[in-house]
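Residue strings, one per chain:
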Amino acid sequence: MSRHGVIALIPEDCTSCMLCVRECPTWCITLESHTEQIDEADARRPRTVNVLDQFTIDYGLCMYCGICIEVCPFDALEWREDVDYSAVSRMELDQGTDTLASWR
Amino acid sequence: MQVAPEVVAPTDWRASAEAMRGWRLDLLTAIDRRESIDVVAHYIRGAEHAWRMTSVPYDGSLASISDLHPAAAWSERETSEMFGVRIGEVTPLLRHGDDSRPPLRKATPLPARVEIPWPGAAEPGDDGRQGANPSRRRTRPPGVQPEWES
Amino acid sequence: MELLNLGLACCSLEVEAAVGSGALASEVGTDPTPDATVLLVSGTVTHALALAVIRAWERASEQGPVRVLAFGACATSGGPYWDAPSVIPGVDALIPVSRYVPGCPPGPDSLISALRHEVA
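Residue numbers (numbering that gives the first Met the number 0), protein chains in the order written: chain A, 0 to 103; chain B, 0 to 149; chain C, 0 to 119.
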């Protein structure tokens, strides 16, 4: 039986590009990140990278359209059809990086 | 199968509906083109699809085709209410005593999408501070129209 | 368990699927003296229906404690329609909710799991 399950995150593949956040029709994704400078031995200046601090999907709002999965250039989001859950509060439905990553 | 809509003048709208006798009217709705509103009818006969479209000015009127295609009755009322056009004799359907602007026009703002901060306004790496980098062109949330913010 | 469904929109089709498949009957049972009453809100809650939702909960509560299950994104938060002027963004603005089931729509098996948690 096909069902939508949940959307899981592979945090190490996320570059904080914000594309999923911007394309989400219900605005249910929030992403916090900061930049870091990486020194490289043979480079003239440090490389700037984005570091993901927190990736959150509010499953109370999520309509499971999958646009975030389609738009991610790094395939950092994926369907997990075998996961489903319910919660006793709306706060619990706001799932952060650790939970989203645990579902992959 | 997608077929290009056949565009007719508003004065020919009833004639085009009459020519589609024997077809089933599947839906009648509208598209806000900003300068005018396009009313669209979708007809089906077996595996065939046909689209008819006509252009009506804002707050303009269009003849009803519900005597030719009874399925149009509900759709015409809904389209009239949602887009602010008058198709036939308009009787309230979903909006009763509501004199705010027609909900489905692009110019009608959706306050929630303006007042609530858009998570997508943050730039990558800016610690969640919204719009921290002034040199970047601000993108708008999908569907939010420029005139809502004024 | 006695199950009352306020089928407000598409989510109630999933409730019907759970009923039709027999899965709900085997879960809920047919005891004529139920020891728990669950009110399912399945679908978008609009201002037009707000009073009816409250009255349904009040009437059900006259018989004993009622647990409300917000089934689907609309009943939880307004879902994709959270921004619409005619929509109440979550049934918990009107009545107390015991459990929220995310989904758009959640499938019949999500309903069964949620009910199992609720009566466990």
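If you are wondering where the hints come from, they were derived from the structure by calculation, not from laboratory data.
Warning: the hint list may mix true and false statements.
As the list claims (entries may be wrong) - Partner residues aside, some chain C positions facing chain A, computed with beta carbon under 8 angstroms:
#1 A8
#2 C9
#3 S11
#4 H46
#5 S85
#6 Y99
#7 V100
As the list claims (entries may be wrong) - Selected chain B positions facing chain A (Cβ under 8 angstroms, derived; list incomplete):
#8 A49
#9 W50
#10 G87
#11 A121
#12 P145
Glycine included, C-beta positions come from ideal geometry on N, C-alpha and C.
Evaluated hints:
Taking 8 angstroms as the C-beta contact cut-off toward chain A, the hint placing C:A8 at the interface is violated, the least distance being around 13 angstroms. The interface hint given for C:C9 is violated, since its Cβ lies 11 angstroms from the closest Cβ of chain A, which is over the 8 angstroms cut-off. Contact between C:S11 and chain A, as hinted, is not supported at the beta carbon level, the nearest pair being about 17 angstroms apart and thus beyond 8 angstroms. Using the Cβ-Cβ criterion of 8 angstroms, the hint placing C:H46 at the interface with chain A is not satisfied: the shortest such distance is roughly 19 angstroms.
Violation of the interface hint for C:S85 is found here, the shortest Cβ-Cβ separation to chain A being roughly 17 angstroms, above the 8 angstroms cut-off. Of the supplied interface hints, the one on C:Y99 holds, with its beta-carbon coming within about 5 angstroms of a beta-carbon of chain A, less than 8 angstroms. Using the Cβ-Cβ criterion of 8 angstroms, the hint placing C:V100 at the interface with chain A is satisfied: the shortest such distance is roughly 4 angstroms. Using the Cβ-Cβ criterion of 8 angstroms, the hint placing B:A49 at the interface with chain A is not satisfied: the shortest such distance is roughly 30 angstroms.
Interface hint status for B:W50: violated, as the beta-carbon distance to the closest one in chain A is roughly 26 angstroms, over 8 angstroms. Taking 8 angstroms as the C-beta cut-off, the interface hint given for B:G87 is violated, the closest approach to chain A being about 34 angstroms. Evaluation of the B:A121 hint against chain A yields a held restraint, the C-beta minimum of about 7 angstroms falling below 8 angstroms. Checking B:P145 against chain A: minimum C-beta separation of about 17 angstroms lies over 8 angstroms; hint violated.
Going down the numbered hints, you'll see the structure goes against 1, 2, 3, 4, 5, 8, 9, 10, 12, while the others check out.
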